[in-house]
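Below, each chain spelled out in residue letters.
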Amino acid sequence: MIAISQNGSYFQYLIWVPAEGGPLIIKFGEIKSPSQFNFRDGHFASILEQITNEVPEISPRFQLSLDYKNVLISDTNYNSEEFLEWQNIQVIDPGFELLYHTFSYPFLNSSKLLNIHLNKELKSSIINSIQDVNGELRSINIGIFSAEIGARKWFYASQLESYAVWKMGKNNIDQLLIVKGGEFQSLITFKRLKNSIKVLNIIGSNQLIDKIIGQIEVWINDDLNEFTHIERVFAYSSEMNPKALKELIESEINNVTLLNPFEMLDISSEVKISPIKGARFAEVGIGFRGIDV
Amino acid sequence: MFDLNLLSEPGIQLSESVDCSISFIKEKHPNPSKTPPNINKKKTTTVRQNLYSSNSLFLIIFMAISGVIFYPMLSNLNSNMLMPSAKVSQEQVVDKVLKVILESKNDYTIESLEFSSENILIHLSSFDITSMKFFQEKMDLLNSGAVRVFGDNNNYSMMAKFPWKITSDDFIDSPESFYKIVKTGKNVKTVISEHEIVMNGSTSDIISIFLQLANAERLQTNEMMIHSINPGNLIFAVKFSN
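Going down the list, the sequences are from chains A and B. In terms of my numbering, the first sequence opens at residue 5 and continues consecutively. In terms of my numbering, the second sequence opens at residue 10 and continues consecutively.
Source of the hints: derived by calculation from the structure; they are not laboratory data. A virtual CB, placed ideally from N, CA and C, is assigned to each residue, including glycine. Any given hint might turn out to be false.
Said to hold, decoys possible - Partial selection, computed: residues in chain B whose CB lies under 7 Å from chain A:
1. D12
2. P19
3. S32
4. I138
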């Protein structure tokens, strides 16, 4: 299986095969895309070719995580197909439906919907690229949601009552995905300022957000021993030199775990990767969907 | 917690994890040149091949003689079998084509729709096989099998072919006669040449032009072609008749 995640202009890949003790990583690496990269015009097919050439003996079966910037995300406070249709007529340009697929995921006891809007042309271009390399595409996921699968599969997060996945991003703009009782709770985008946090966007429930954001502010200004309103926080960054992530890990907060797949998976190669660099591969979590590690 | 999979069908996702992979993996067939030679087997094969080739020669000669003898009977049978298509009226065909045009915004994309002097060829595409199959049933006149769905992995095409005849002699033979019937609207780009008028506009604008022609009963006068250029935009060409 070849798991690929896109982060800005980088594609991380991790290739694993089933073994007696669970998945065995046989190859991993990253490819920088050309400056004018788009998923059309054979650009993506060329990236796939580079990856498959690394392991020609492996069937080209891919699981893909796209950069969060490739989709639009919204939420709806009422779970009904009829309501969605009405809402679309009221607030969405008629051209939008021609250009975008909308996938709606129920949460909070199915009372609300998380909507992911994916450009139809982008989806077709990805499928065309898979066809160009005679491959198979098992799934398409999105950034932090793919990392959340990793937290469940590598670190057994589903056994926890509540947990959060924290992506420390470029220009101090982070994302926090909160799961409670096995259900999606909220996705927050915020900016880390010198002494405080500025919340930029909230999708889903407001519950817990103030408390968790407050504790992140405590960490910025002082020492934080533990996140008290959530059982565990899985942190990672896809940046080349994530200083803030290093600081967070060095702070030794009791219930913060670095979301580094290499810590939990067997690897056949002798190539070593540092924990912080390993966490750059967190978003390949989609590649482990549906299997027990 | 749900697992996003944007390969699934759009809409509300009812299960937490969906399996809907798309595969273009080609099965590897064993290379015949790598099969170890088997001399005994080879001999048998050669003998059998000779036997088959002489049999097939007899069969061809037999079919040729039968063909000559029974040709008149077979040709009658053939023409009887094709007769049902003649029972389809032009009105039924127009009705089906209008349905294609009017429903195109909801369930599928019109790739092309061509009115030639002998038939109408329709090519639609969709990601949704269910709506495609449903539409195929509605379109198939007299269960003639002239409407087919192709494709897999959420990328489907429907091809339909209907009998058609240019019956009216009230042709559109110039831009003037075209504009007497149709108002194209300011958002439609138009190119007029000696032989045709070509319009490029949004799906709704082109549908409006098509319906104006249908209302003026001018669908059976000229050869026409509708083509998709990108999602939401169509090109519509009407050939001038003399």
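Comparing the hints with the structure gives:
1. D12: holds, 5 Å
2. P19: Constraint on P19 of chain B satisfied, holds at 4 Å.
3. S32: Holds: closest Cβ of chain A sits about 4 Å from S32 of chain B, inside 7 Å.
4. I138: Given a least distance of 15 Å, the restraint on I138 of chain B is violated.
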